[in-house]
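Let's have the full structure, built from the sequences with the hints guiding it.
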Amino acid sequence: MNHLDQETELYALGMLDDCERARIDEHLATCMPCTVKIGEAESAVAALIDSSQQRPRQRRTAWWPVAAAAAFAVAASGLLGQNIAMHGALGADGAMLATLVDSHFNHAQFQTPGGTSIAAKAIYDRHGKWYEILTDGSPAWHVVFVRPDGTRDPAAVEFVRRGAASIVYLTSTEPVRSIELEDPVGRVVGSVRPVLIRE
Amino acid sequence: MNEDRDLEAAFAAHADGALEEAYRRHAPALQAAARHVLGTAGDARDCVHDALIRVWSKEGAYRPERGALRAFLMVCVRNEAISRKRSDVRHVATEERAALATPIFGIDAAERVAIRSALSTLPREQRDVIELAYWGDFTQAEIASRLGIPLGTIKSRAALGLRKLARTLNAQDFA
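Just so you know, the sequences run in chain order A and B.
Taking the working numbering, I'd label the letters of the first sequence as residues 648 to 846.
Taking the working numbering, I'd label the letters of the second sequence as residues -16 to 158.
These aren't lab readings, by the way, just hints derived from the structure by calculation.
We treat Cβ as the ideally placed atom computed from N, Cα and C, and that holds for glycine.
Among the hints, a few may not be true.
[As the list claims (entries may be wrong)] Which residues of chain A face chain B? A partial, calculated answer using Cβ under 7 Å:
| # | residue |
| --- | --- |
| 1 | Gln653 |
| 2 | Leu657 |
| 3 | Leu660 |
| 4 | Met662 |
| 5 | Asp664 |
| 6 | Met679 |
| 7 | Val683 |
| 8 | Glu689 |
| 9 | Ala693 |
Dropping the structure here:
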């Protein structure tokens, strides 16, 4: 086997199948220059993995899953507007939950560019301060805020699994024209246009 | 003495305790790499365990000349995870895989922006290949089929793209 060229990057990126990888492992056992070369590609991929994992995560308060679940339950039950009725049932997270409920949220289903509804829903403060996106399963979607001037602002890629659903909670200090869900290669799989009240 | 260098030499020589020490030192990063592909902590733990045993049982799999042991193990674990996922989802249509089978954990908006920024320095055609490989976990043949371009072109785009990405990440002190 000749010295490795592009195969080093393909190997490190996980683009080879098991047989191709075994063939390269066999070559590396006897070839020092290629061993050094593949080590360089592995360092790059390790850096890519690290850059996905190691930076400090944004702080989130512990109450939001409870509040979001409650908010979703209210929205799904068609009780929007009857939030005052919840006050009597608030527990230890009552103040935060009351804040959320009293913020007069709204909700909307994501639709594909073709107009078909998909299993994803956005619940949001009607002033556009926070957005809760819920979906089934564990999708690899990225959430993008589209600003009024058309600027696309990557907002999040992490959905937190809660039972059968996955949730991501976002806040925004800037106006949002629409929220889009992208797949890993940047295709829009769904969008919603929140109806916001301007303060 | 450099602790990493000592461990790398010990691991390469199959010294007693080297495997356990490598696991102790690098398990969190390895499990994160596996979980990035597989999605659950349980599957990730199994994958890391099997990958380490596989590496350890193969004489000469790692030599210090290859570079950092940590990077070597991360790629081994990631490749093991990708193999597992491919065998699990082979029956799923290619078009569905990117959407359904690539959960991303441990990454927030700021991180995403940083990676996108590094990726954005790549020409579009190289970026597409790197993203499909890294986030989609597709093989070179699958990417060629998906993009409708020759396999040789996929290889060269992946190689050029990763080399450029490595330079960019190095400049940001990631590598």
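Against the structure, the hints come out as follows:
no., hint, verdict
1, Gln653, "holds (4 Å)"
2, Leu657, "holds (6 Å)"
3, Leu660, "holds (4 Å)"
4, Met662, "holds (4 Å)"
5, Asp664, "holds (5 Å)"
6, Met679, "holds (6 Å)"
7, Val683, "holds (6 Å)"
8, Glu689, "holds (4 Å)"
9, Ala693, "holds (4 Å)"
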